[in-house]
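K.L.:
Following the hints, complete the assembly by docking chain B onto the known chain A.
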Amino acid sequence: MKKSNSLFFSKILYKNISDVTGSIIGKLSDLILDFSSTIPMVKAIEIKNGKRKLYVSSDNLEIHHDGNSNYLIKLNTKTLSVMAISYDDFFVARDFLDKQIVDINGKKVERVNDVMIGLIRGDWKIVAVDIGLRGILRRLGIEYPAILFAGTIKKEFRNKLVYWENVQPLSERISSLQLFTSMNRLTTMHAADIADIIEELDKQNQIKIFHSLDNEKAAQVLEEMEEDFQLSLLETLPDEKASNILEIMPADEAADILEEITNERAERLLVQMESENSTDIRELMEYDEKTAGSLMTKDYISFVANMRIGMVLEELKKLDIKESFSQYIYLTNEKDIFVGFVNLLDVVVADPNLKLNELASISKISVYDENKIDKAMDLSRKYNLLELPVLDENQELVGVVSLNDLLEEYIRLRRSVA
Amino acid sequence: MKNAANKKFRNLFLIMSIIGPGLITVNAGNDAGGIATYASIGAKYGYKMLWGLVLITFSLAIIQEMNARMAVVTGKGLSDLIREKFGVKWTFFAMFILFIANFGVVVADFAGVASSMELFGVSKYISVPIVAVGVWLLVIKGSYAKVEKVFLAFTFVFFGYIISAFMAKPDWGEVFTSMATPTLPLETGFILAFIGMIGTTITPYMQFYLQSSIVDKKMNIKDYKYEKLDVYLGAFWGNAVSFFIIVSTAATLYKSGIIVESASDAAMALKPLAGQYAFILFGGGLFGASVLAAAIIPLSTSYAICEAFGWESGVDSSYKEAPAFLGIYTFIIALSSIVVLIPRLSLMGILIATQQIAGMLSPIILIFMIILVNDKRIMGTYVNTKIQNIISITTVVFIVSLSVILVLSSLFL
Chain A
15 MKKSNSLFFS
25 KILYKNISDV
35 TGSIIGKLSD
45 LILDFSSTIP
55 MVKAIEIKNG
65 KRKLYVSSDN
75 LEIHHDGNSN
85 YLIKLNTKTL
95 SVMAISYDDF
105 FVARDFLDKQ
115 IVDINGKKVE
125 RVNDVMIGLI
135 RGDWKIVAVD
145 IGLRGILRRL
155 GIEYPAILFA
165 GTIKKEFRNK
175 LVYWENVQPL
185 SERISSLQLF
195 TSMNRLTTMH
205 AADIADIIEE
215 LDKQNQIKIF
225 HSLDNEKAAQ
235 VLEEMEEDFQ
245 LSLLETLPDE
255 KASNILEIMP
265 ADEAADILEE
275 ITNERAERLL
285 VQMESENSTD
295 IRELMEYDEK
305 TAGSLMTKDY
315 ISFVANMRIG
325 MVLEELKKLD
335 IKESFSQYIY
345 LTNEKDIFVG
355 FVNLLDVVVA
365 DPNLKLNELA
375 SISKISVYDE
385 NKIDKAMDLS
395 RKYNLLELPV
405 LDENQELVGV
415 VSLNDLLEEY
425 IRLRRSVA
Chain B
2 MKNAANKKFR
12 NLFLIMSIIG
22 PGLITVNAGN
32 DAGGIATYAS
42 IGAKYGYKML
52 WGLVLITFSL
62 AIIQEMNARM
72 AVVTGKGLSD
82 LIREKFGVKW
92 TFFAMFILFI
102 ANFGVVVADF
112 AGVASSMELF
122 GVSKYISVPI
132 VAVGVWLLVI
142 KGSYAKVEKV
152 FLAFTFVFFG
162 YIISAFMAKP
172 DWGEVFTSMA
182 TPTLPLETGF
192 ILAFIGMIGT
202 TITPYMQFYL
212 QSSIVDKKMN
222 IKDYKYEKLD
232 VYLGAFWGNA
242 VSFFIIVSTA
252 ATLYKSGIIV
262 ESASDAAMAL
272 KPLAGQYAFI
282 LFGGGLFGAS
292 VLAAAIIPLS
302 TSYAICEAFG
312 WESGVDSSYK
322 EAPAFLGIYT
332 FIIALSSIVV
342 LIPRLSLMGI
352 LIATQQIAGM
362 LSPIILIFMI
372 ILVNDKRIMG
382 TYVNTKIQNI
392 ISITTVVFIV
402 SLSVILVLSS
412 LFL
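Chains as they are written, first to last, in this note's numbering: chain A, 15 to 432; chain B, 2 to 414.
None of these hints come from the bench; they were simulated from the model.
Careful, some of the hints might be misleading.
[Claimed, not checked] Which chain B residues face chain A? A few, computed with CB under 10 Å, are given here:
#1 Asn221
#2 Tyr225
#3 Trp312
#4 Glu313
These numbers come from a predicted model, not from an experiment.
Ideal Cβ placement from N, Cα and C applies to all residues, glycine included.
Next comes chain A alone, as it looks inside the complex (with noise of 0.2 Å):
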């Protein structure tokens, strides 16, 4: 008999567990954790015998095998220290086993077919989660069988195994409060990979992981899914966060989404925001559905035409940069009628002396608001241009449309045609 210090939970789940002379207690039927530290520690186990539960701290817990997986459970103590668990308390069998996990390296939603613990300083601690076809195995309790006859066909069962710092558990048991502090390993993610997730996640999970992300988070997530996700998590949150939300969303999208809505809820939130926000997602949510207008965002850097350089570049370095950024500068004239745009790379490699509109490389092209989408995409692909400055009638500069943004709209469109 060797100890173990590292093993699969199923190995020694429903099996006998004995006290220190050696006689049957009864079955080991669950562990429960401590989520205080880092990783989270068993502290008590379950004892099942009959109908009677007890449940006793883990402390002197030892398991041994004699190679064959034959496993000897033992509580090496004279004095069973008997522990009060609350229904609340965080069971692996119960709330972990067979539920579901996110695995941030992954980048996947996956099932929990076993868990490794292991004794770490004395205390046993969950190590690694058992995601494979051979954690089922195991479960079946048909491992080696199949092991030998995955090897006469020449195949191999590896475990595949998710270590604890790349889990993130999504039990129903895992209050809030958890997935609040400690546990929130999904911020990590990148928000297309986290809006994935959400997605393929039930209900009552995708309401939890969304509400737990900040603002600035959930914004982006939020740009990121799928309209029908959009509408059903943005119903679950109150007005007040939900206004929030979309305040930082790019005008454009939210105002897509708040044309979806009934329009007593988007007038409520649309109340809430900063006037200078709410009129911009106003103005976008006038434009018909597959015009440029619909889908400029305000996000651009614009200057009067005749600034000189090196004025232009002290100010750049004042402006308050945001991601959508792109690399194009806007030029206007006092009326905020449009001059034209130009490289940034060409502004600041250019002489500080000269003024913005004695540039060579001004470009003037544009599309109006009311223009359909198609034509926006002919002229950027034409001109190999990144981003379109967008013009009302009166050749005013109302915003700016981007590549991507009439990608993501032509494709939807096409989709939804087939």
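P.N.:
This is chain B only, laid out in the frame that chain A set:
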């Protein structure tokens, strides 16, 4: 004013979008095996089983409402819930049962393809391989959704049985008396037929399919009342069609002592409506229903199994991404069409026997469901009411007792 009208329109739209899964599921349940079973029951036993159909309609409504409720409350599919509550071993058992029952139903549907095409003089050795490959390609290439409605349209033919039943002028007094007077002769044939009727009405696959399609709708609990309406409507409307199939076959075939041995016998019940065109009408309807189910059931089986074990699934995945999903799907279609191609096999026999297998297996899935829907940790305040438990548990006990009686009588009689 405009807003009020707008809101009304929105509500109407909402109701329209919610109504659907229940109706579609039960109508898809009236597939080849269903038509054959109801027709043979009507022909062989006349109105004697109508009381049973009336009772299992209530069972079906209650059971499907349980699925709808679980879908809306948990947002999870039935296999997800089974896995999370019962662990790997029980899940494996449940999936094994589901697989066997569904495999049988798919075999029946390919038998339906074969016998419907035989009505038009096409040999099964030609029709079955073509349809098997065709269905497989349509689903894998993602163009299935476009043609689904065509096959669904074919199945409207079966509403013809309603008209046919009236035109055959059955003795309505006798029909109503039979609906209200339970008779259960203790003979193997009758009990087997009865189990087949239950099996084709409360098919295991329907529970998985319905729950998943409601989950996909991402419905809020406040809209649940519409969904409830949908499943009740679906159950009653679907079984109304079954009812008239039995009545029309009883009024025509039973009266003239014809036992349904092939599709052409079953088609004769449509003669009061369509005369000499009865065969064309019946053949078309049977073909549509069979193809529809032969596409949906293998797909829903693969989804259910992969969901339970956490395997990648989806028709737009490559074989490398989702080997289990595409493997199971392909295996079911390939093997079930091969079974139908075995020479000298009675197609009618397959159609009916597979429904009886599904009937005997159905209580197992129902027991899983009843335990789940009564679990407060999962359902919160939406657990079953007493009445719902009485009806669903009685259904299980009834089917199990029938199977036990059947086994005992075949041993001792």
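K.L.:
The hint names B/Glu313 as touching chain A; please verify it with the least Cβ-Cβ distance against 10 Å.
P.N.:
Because about 9 Å separates B/Glu313 from the closest Cβ in chain A, which is inside the 10 Å limit, the hint holds.
K.L.:
Quick check on B/Trp312 please, does its C-beta sit within 10 Å of some C-beta on chain A?
P.N.:
Hint holds; B/Trp312 Cβ to chain A Cβ min 8 Å, cut 10 Å.
K.L.:
Grab the minimum C-beta distance from B/Asn221 to chain A and call the hint holds if it beats 10 Å, violated otherwise.
P.N.:
holds (7 Å)
K.L.:
Restraint: B/Tyr225 near chain A, CB-CB cut 10 Å. Satisfied or not?
P.N.:
violated (13 Å)
The structure shown violates just one earlier hint, number 2.
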